[in-house]
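Line by line, the protein sequences are chains A and B.
Here the working numbering runs 764 ahead of the position in the first sequence, where the first position is 1.
Here the working numbering runs 156 ahead of the position in the second sequence, where the first position is 1.
Please note that the accuracy of each hint is not assured.
Just a few of them, taken from the derived set where beta-carbon distance is under 8 angstroms, the chain B residues facing chain A [to be verified]:
id : residue
1  : TYR204
2  : VAL245
3  : LEU247
4  : ALA255
5  : THR257
6  : PHE260
7  : PRO262
8  : GLY263
Label-pair distances were calculated between CB atoms; the ranges are [unchecked claim]:
id : chain 1 : residue 1 : chain 2 : residue 2 : range
9  : A       : LYS834    : B       : LYS171    : 44 to 50 angstroms
10 : A       : THR791    : B       : PRO217    : 24 to 30 angstroms
11 : B       : PRO217    : A       : ALA765    : 14 to 20 angstroms
12 : B       : THR169    : A       : GLN808    : 21 to 27 angstroms
13 : A       : GLN821    : B       : VAL168    : 45 to 51 angstroms
14 : A       : SER806    : B       : PRO217    : 23 to 29 angstroms
Simulated crosslink set (DSBU-like; lysine-lysine; CA at most 30 angstroms straight-line) [claimed, not checked]:
id : chain 1 : residue 1 : chain 2 : residue 2
15 : B       : LYS213    : B       : LYS167
16 : A       : LYS837    : A       : LYS872
17 : B       : LYS213    : A       : LYS872
18 : A       : LYS872    : B       : LYS171
19 : B       : LYS167    : A       : LYS872
20 : A       : LYS842    : A       : LYS819
21 : A       : LYS842    : A       : LYS872
22 : B       : LYS213    : A       : LYS837
In short, the hints are calculated from the structure, not lab data.
Just so you know, these numbers come straight off a predicted model, no measurement behind them.
Heads up, the beta-carbon is just placed ideally off N, CA and C, and yes, glycines get one too.
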Amino acid sequence: AQTVTQSQPEMSVQEAETVTLSCTYDTSENNYYLFWYKQPPSRQMILVIRQEAYKQQNATENRFSVNFQKAAKSFSLKISDSQLGDTAMYFCAFMKRMNRDDKIIFGKGTRLHILP
Amino acid sequence: GAGVSQSPSNKVTEKGKDVELRCDPISGHTALYWYRQSLGQGLEFLIYFQGNSAPDKSGLPSDRFSAERTGGSVSTLTIQRTQQEDSAVYLCASSRWGADTQYFGPGTRLTVL
Numbered sequence: 765a766q767t768v769t770q771s772q773p774e775m776s777v778q779e780a781e782t783v784t785l786s787c788t789y790d791t792s793e794n795n796y797y798l799f800w801y802k803q804p805p806s807r808q809m810i811l812v813i814r815q816e817a818y819k820q821q822n823a824t825e826n827r828f829s830v831n832f833q834k835a836a837k838s839f840s841l842k843i844s845d846s847q848l849g850d851t852a853m854y855f856c857a858f859m860k861r862m863n864r865d866d867k868i869i870f871g872k873g874t875r876l877h878i879l880p
Numbered sequence: 157g158a159g160v161s162q163s164p165s166n167k168v169t170e171k172g173k174d175v176e177l178r179c180d181p182i183s184g185h186t187a188l189y190w191y192r193q194s195l196g197q198g199l200e201f202l203i204y205f206q207g208n209s210a211p212d213k214s215g216l217p218s219d220r221f222s223a224e225r226t227g228g229s230v231s232t233l234t235i236q237r238t239q240q241e242d243s244a245v246y247l248c249a250s251s252r253w254g255a256d257t258q259y260f261g262p263g264t265r266l267t268v269l
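Chain B extracted, bound-state conformation (with noise of 0.2 angstroms):
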């Protein structure tokens, strides 16, 4: 596709749920990441993916969130037993390699009642 894409647009989920939200790169690009974004707040980096080298996940806040990225295209980011706080918006980027200009996705916002 031209840009990058996230599915849904919108969840709302229930506290203690689990969801899952999906991200799609720009094809050939081999970076990929994961931000959260809280109400009217700036970026919060979760995760990162290079190519075949293992992620860098130092942004990740608990154990109950995962994320995997298969065949170095399509990523997946796991909540898992979903909390009031994990409520936001979770952007996804990618980019060429690491070191190069970062192309958004519209993002995924997530509410959890």
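Bound-form chain A, shown alone (with noise of 0.2 angstroms):
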């Protein structure tokens, strides 16, 4: 079975800096994506970042990037120049890629606080 790790259960960081987030997971499979949500106070899950684990090059959205080492099961989330609004949970999520049906599996979160 499929589990993903978020170590960190709560983290700060000032303004501006830039903070990491990780994320590991343990899978067979070869065909799957990754993906980093983020849950704000006001409790509306939002995708940050989606990986397709076929893909050697790390996904961007504009100040989100993630580290995926396949090798290592490892998917860490990097948020640079933090802002206030990023305060909120953020989860971490695997799923399968070759079935159609399955679920995907979320981390436990980290809480990050953006400090001003």
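Now that you have both chains on their own, put them together as the hints suggest.
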């Protein structure tokens, strides 16, 4: 069974700093998707970034980028020039790609505080 | 609609009463999920609908919980004889198909007194 581990329950950084959230996963699959979702205090879950395992290039979305290490089964999220609005719970998630009926597996989340 | 909608946004009920939570997925999305999120915690999978297949109910915590999806679109999560431990935010998500990006609704905060 697939598992997703986020080892940092909570983090705090100063505004404008760069922060990296870690995520590791366990799978025997070769084709899969990885996601980072953000859940601000408003509780609306928002997709931040998505990575397809067959792509070697790390996905980026503006200030958000990932460091995808397939062999190490690591999928960290880097937030550059952090802003107060980045304060949220961040969830890493895994999904197999082969079967359209498969479920997404979420980690337990990292609560990120951006300090003014 | 443009996104996943859920109603009500907040629900307060008394212990022992039944509640119904509604989810309207994005039009055309065949997959629909229900999750539960207790205060400050991660997501707990409840149930998954995919097209015309039998739903995956493996996450439902007890037989007091049930869900249906009518016409492959709107879904209703029903909790019978609510208990205080049922208090949580209930999130719904939909995706084009199972192995695809999920889009979440704003959730329903359920408080059982």
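Taking the earlier hints as the rules, which of them does this structure contradict? none
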